[in-house]
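**Q** Order-wise, the sequence lines are chains F and D. Heads up, the first sequence is in the working numbering, so the first residue is 284 and it goes up one at a time. Heads up, the second sequence is in the working numbering, so the first residue is 284 and it goes up one at a time.
These are computed hints drawn from the structure, not numbers from a lab. Only a predicted model underlies this, so the values are computations on that prediction, with no experimental measurement involved. Any given hint could be a false lead.
All copies of an identical chain are treated as equivalent in the list; a pair is satisfied when it fits inside any one copy or across any two copies.
[As the list claims (entries may be wrong)] Listed below are the simulated DSS-like cross-link pairs for lysine-lysine, each with C-alpha atoms no more than 30 Å apart in a straight line:
{"#": "1", "residue 1": "595", "residue 2": "543"}
{"#": "2", "residue 1": "437", "residue 2": "468"}
{"#": "3", "residue 1": "543", "residue 2": "437"}
{"#": "4", "residue 1": "595", "residue 2": "437"}
{"#": "5", "residue 1": "595", "residue 2": "468"}
{"#": "6", "residue 1": "595", "residue 2": "355"}
2 protein chains.
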Amino acid sequence: MYMDCLQYVAPSRRVFEQMRQGAVDAVHITVGYHEDFDQVVQNLANWNQWFETCGDLIARATCTDDILAAQKAGKTAIFFGLQNPLPLGTDLGRVQVLHQLGIRFCQVTYNQQSLLGAGCFESHDGGLTDFGREAVAEMNRVGMVIDLSHASPKTCLQTIETSTRPVAVTHANPWDWRNVPRNLKADVLDALFDRGGMLGFSLYPHHLKDGSDCTLDQFATMVRTLVDQYSASHFGIGSDLCQDQPDSVVQWMRNGHWRKSPDLTATFPTPPSWFTDNRDFPGLAQGLRDAGLTDGAVAGVLGQNWFDFLQKAFAPR
Amino acid sequence: MYMDCLQYVAPSRRVFEQMRQGAVDAVHITVGYHEDFDQVVQNLANWNQWFETCGDLIARATCTDDILAAQKAGKTAIFFGLQNPLPLGTDLGRVQVLHQLGIRFCQVTYNQQSLLGAGCFESHDGGLTDFGREAVAEMNRVGMVIDLSHASPKTCLQTIETSTRPVAVTHANPWDWRNVPRNLKADVLDALFDRGGMLGFSLYPHHLKDGSDCTLDQFATMVRTLVDQYSASHFGIGSDLCQDQPDSVVQWMRNGHWRKSPDLTATFPTPPSWFTDNRDFPGLAQGLRDAGLTDGAVAGVLGQNWFDFLQKAFAPR
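If we strip away everything but chain F, and leave its shape as in the complex, we get:
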């Protein structure tokens, strides 16, 4: 079973066909960066159209049984998540409402300060807010996975400590391998895994050693090192694949509408040659095997570990 726990592909029949060609059984798709509640609903409505027109290739999923059913039917299960808690506003009740709409992952923040916590690019790292603590408890209750990607170190540590369920970092890499604010230092990794959390390895060039030039061997060796240090069971893939998105999208990701002088120079980095779309999953498996991972570890990292984690994480209290 292959599962990718973070993509922001521009949906198209072609992309869904590639998911099938790559034998990808499940994908977590982002439906909100800077969107407010209404705009997230619109994104979900757009996806409902894709399920209708491409129902031979993809299926909407809200639980792990949906993955098994999709797998059996030869389809890719699509889960939804938010990279920003903005659609919650300050209304705790919207956690459950968003869950009822199918949202299964929610980041505590996206880069900057949110109402829940500080982001990895925010000047002051204030950690989890009072409302953040309420939201964590509510996400724990309804079975929405708390995603600490893009959060600040203090926010990560306090959320891991506060959450009564294991949390996830769906897409990031170790800071020791590539020292950028989006990657995680050892103390955060230690705390995350101590509490049963998951890390999805990112394939986004900014998170990779040597960026776009990172080789599959470099990546796989890093995975091997982490698996040896901790346990394979804590790891999965969150590729951060942004296939077919125009550069205006990365500019919007970076700036939203919160800056008077947005950075309009940003462009999507060239993906590594060995991971440009969903068809590259089998190659990824081979790379991990070549780096010395056992077949069991490869199967775990490429899908089974996320499946096992989500099976528990999605169950409501």
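With chain F's structure known, arrange chain D on it following the hints.
**A** Chain D only, in chain F's frame:
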């Protein structure tokens, strides 16, 4: 000229008649605590109805000339403000849109963490956020008064320092007189006045020495002390009058929808006997005179200072 720079009265013809009986020329009315953008628009639409049905008593105001015109016509000018920047979302462009809708005051936060800064009841005082700095600059540009009521000490100090225009605390008192988180310590007052800022004295019992039992003499003596210490020109009134609101409103003010276990025991405190509605403004003037304020200082504190401040503050850059 009498001006009250913060009220949350339940609008009614009776209340507007009392404004006229008290010779109150202008009132800043709150149209948002925990409301999102759409809900603020709805509140403004409701007020438009009041302007239509009670146009003989009140007039919508967006500049100080509107106050003079209302005064000439024997009406009370009504300004609007937000006690929470939530309707901005993370969209800097909404500062100007809200200004175009008539919003002339905006708090940096309401008690807890906002996307702009920390509130006076938030556990961690992280000060002004990166987006907060952008929003301050934009409010400075369009001529929206930054209101630091309900903000944390660090947020107050950083906003005062960041803002290129004098800012206001529309409704609070000195912490040295009544030590509650909503009142201001001397360092904040010093910084506020050093940069030309204004403080509106609050008449809300929780901000008064001895609460509901605070006497007019106690209040007026505190005002006299502050006027002597700084200068009368920095002070006005922001009564925080919440006349005719049911207790469900104070529970909603306190809890919004962000807490799983809201405090539902809150009730509105009994107002001091000498300030229960807008007809008490002349009595307030007498109290201040009795405490030894000059006629000029009384006129300044009860209205002219706000007028002079707003004349500059509302002018766009």
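**Q** Taking the earlier hints as the rules, which of them does this structure contradict?
**A** none
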